[in-house]
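Residue numbers (our numbering), protein chains in the order written: chain A, 45 to 701; chain B, 9 to 173.
Think of the hints as simulated: they come from the structure by calculation, not from any bench. Treat the hints loosely; a few may be bogus.
The calculated lysine-lysine pairs, modelled on BS3-like cross-linking and capped at a C-alpha distance of 25 Å, are [to be verified]:
#, chain 1, residue 1, chain 2, residue 2
1, B, Lys86, A, Lys565
2, A, Lys160, A, Lys310
3, A, Lys565, B, Lys45
4, A, Lys650, A, Lys571
5, B, Lys45, A, Lys381
6, B, Lys107, B, Lys86
7, A, Lys462, B, Lys135
8, A, Lys578, B, Lys97
9, A, Lys425, B, Lys97
10, B, Lys107, A, Lys576
11, A, Lys425, B, Lys86
12, B, Lys70, A, Lys425
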Amino acid sequence: MSEIGLYSILIAMFLAAYSSFTAVVGIKKRRGEMIASAENAAVAVFGLLSLASVALIYALVTRDFQIEYVAKYTSRSLSTVYTLAAFYAGQKGSLLFWGWLLSLYTAIVIFQNRRKNRKLLPWVLAVMMAIDFFFVVLMVFVTNPFERLPYMPLDGQGLNPMLQNPGMIFHPPTLFLGYVGFTVPFAFALAALITGQLGDDWIKTTRKWTIISWLFLTAGNLLGMEWAYVELGWGGYWAWDPVENASFMPWIVGTAYLHSVMIQEKRDMLKVWNMVLILLTFLLTIFGTFITRSGLIASVHSFGESSLGWMFLAFLVVTLIISVGLLIYRLPDLRSKNQLDSLLSRESSFLYNNLLFVGIAFAVFWGTLFPIISEAARGVKITVGPPFYNAVITPIALTLLFLMGVCPLIAWRKTTLKNFGKKILFPTVVSAAGAALLYVLQIRSLLVLITLALCIFVSINLFLEFFNGMRTRHTLLQEGYLRALWNLVARNKRRYGGHIVHFGVVLLFMAMSGTAFNTEKQITVNKGESFKIKQYLLKYEGLSEYPTAGKERTVATLTVFNDNHKVGVLSPEKALFRGQENPTTEVAIHMTLKEDLYVILAGYGKDWATFKVLVNPLVVWLWIGGGIMALGTVIVMLPDRRKRKQSISKDTRAEAI
Amino acid sequence: MNATCRPKSAAVLLIIFTVLFIPAIKAFALTAGEITKGFTCTCGCNMLVSACEGSMECAPAKEITDQVAQMIETGQSKEEIIQYFVNTKGEQILAAPTKKGFNLTAWILPFLAIILGAGGIYLFIDKCLISGKDTDDESKDSDKKQVYEGKYLDLFKKELKDFEL
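Chain A on its own, in the form it takes in the complex (with noise of 0.2 Å):
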């Protein structure tokens, strides 16, 4: 089966080439025959590719420990589902996933374009299958998932113990396909300055691209919160880790692109800035796989070092030259017809805060180099970590924070400050007063206080947007409450999807606000002693020591009361894993709306055990936030009945002419 796999990379090596070379040449002969031909060879790399993948991962199931990738991240004892996960758990499996997902994505992208974009898909295609190309070649030549051992081991190394966690079963894939899903708009970006077909046309059909990326994007960095949190064991869940950092920078200027595109579709300006965003977002994709890759910067994350990361700085390189020059090429071309008619406008507003979002992803861009830098500025070798990050993103993110309550305030085109201002009072009041309510209610950290305020601002302003339309279909159309509401969302669907996407935003800013009042205690008890962290007592049980298919479990077991009422047995327990030399931590967690009992069993021995207990106030709002933002995208991306029933109309109108 590994010799299929073996093959089928290969075969799709020279496929992906063919493909992305006989597009070009098809477009520039304009012959129809060679671009079918280029199209179909797109889709034979991926069926090869799915070959690949399932040789791999039927080896890993089988346990072909002869294969090196098999014997590096499985063993016996590794359950059925965290073997699959093994699949892209390493380097080389993570690459043959990478170019599957993107041909994939070639394949479907041909498949929705076969009657339209013409022009722009052998283009598209071209560059989609040039990227594969280079991934196969990767795979063949530096980092073959398929090669063999001298020997056939006993048993496999086994995947590592912090990556058996569901975190890692729904973690990486939502990460992959939200930075392989870039690669598409980035194509279409390619295409369009390629062929000068530098309308609205790539951006709509690569909008749903767009924002279904965005979508991963944002749920791949959440879940990794998520596992963070509950594996790491040091009640955080972001570390402004390099590799965090990498995942985080194309979602932030993904953010700011799905924001000022807008300004293209309905004012025909910003050409050249949305240009600049959508290049920018695919080439930090591939700088964070070559941070993660190169083994350069320290991360708990990386790969290790390897050769590899090299190779993506040149493709990095060479990609960032090509836009770039074409960028320039077709700079004439891409100048804006309409102006910005205000400096207190809805489109400026859109200009602050793509200032902003890009700044915040230039300053984690700039810390996550600055220790290369100093070294070879100084020779000093300096770290930048969370101190620093949160020190420079907290005032750029709560300004955008503002933005984001201000901006549904603006009109387009023209806001007098008359009207603003009579606009804002109520919300900027209304979230004083809060403030004030949460300082009596000893809310005592400036930072806090501005964060919630603003949160309150921008909720209200959020809540007035829906409650105003909604009164208005009232009256008008004398709907009830609950139909005018509906209608309203189902009737602009991207206007109010993207509210609601932004109260799930507002939930993740007042989650994080809660770490200032985190509260710590290390202690020691006997059993059947208890001990007290704020309104929580805690009464250790004993401990419980067993061993599983794959571990050895020492399990403490605590019982928990909240102002002397009970309410659950919390067990943290240390594992340790067959093969491995230390125990890994396995934190227990009561949550609730209001905050998390996080408790690590940090040591034991026959009566005794110590405990570092966290009492961590509204994490839990990171994940219901996370929720709101996913459910708000789905919203968006809906497709519209009206704009549908027209098209279809047009179309009949079309056949009948």
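Guided by the hints, dock chain B onto chain A, whose structure is given.
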């Protein structure tokens, strides 16, 4: 109160609340955790000492925390403890660059970039407004312009063509 006064009143209210809240920042007693939150673990995980110690049973992280706790007990100040660790383990133990010398660029550049970007946006919008105004002015005497263009445009294009040749 008339409508124009309301935004001003709101702004004044906001300032009052902000000023009231500033004294809310309070001082904390020195703890080992407070100092180790500013240190990166030396085990190579790239995490903070406080985070690494909790998650990985890291020996270097524990050693640093114990040493910090001991130094606090002997009455050393935060600055002295930090300086001791920088001297013994190098600047990379600090989780953030210092705010002096070359490291200052790490702190300043992101904000400088945003300020420059804001300046760029201002100039861009300003240019748009000026050209928009010009267009308005031009449209007032558009008839005159059309006559002018009609008369000289062909001549101009011809001359330009000759010049390029």
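Hints versus structure:
no.: 1; hint: Lys86/B <-> Lys565/A; in the structure: 21 Å, holds
no.: 2; hint: Lys160/A <-> Lys310/A; in the structure: 22 Å, holds
no.: 3; hint: Lys565/A <-> Lys45/B; in the structure: 15 Å, holds
no.: 4; hint: Lys650/A <-> Lys571/A; in the structure: 9 Å, holds
no.: 5; hint: Lys45/B <-> Lys381/A; in the structure: 52 Å, violated
no.: 6; hint: Lys107/B <-> Lys86/B; in the structure: 16 Å, holds
no.: 7; hint: Lys462/A <-> Lys135/B; in the structure: 24 Å, holds
no.: 8; hint: Lys578/A <-> Lys97/B; in the structure: 37 Å, violated
no.: 9; hint: Lys425/A <-> Lys97/B; in the structure: 11 Å, holds
no.: 10; hint: Lys107/B <-> Lys576/A; in the structure: 40 Å, violated
no.: 11; hint: Lys425/A <-> Lys86/B; in the structure: 22 Å, holds
no.: 12; hint: Lys70/B <-> Lys425/A; in the structure: 23 Å, holds
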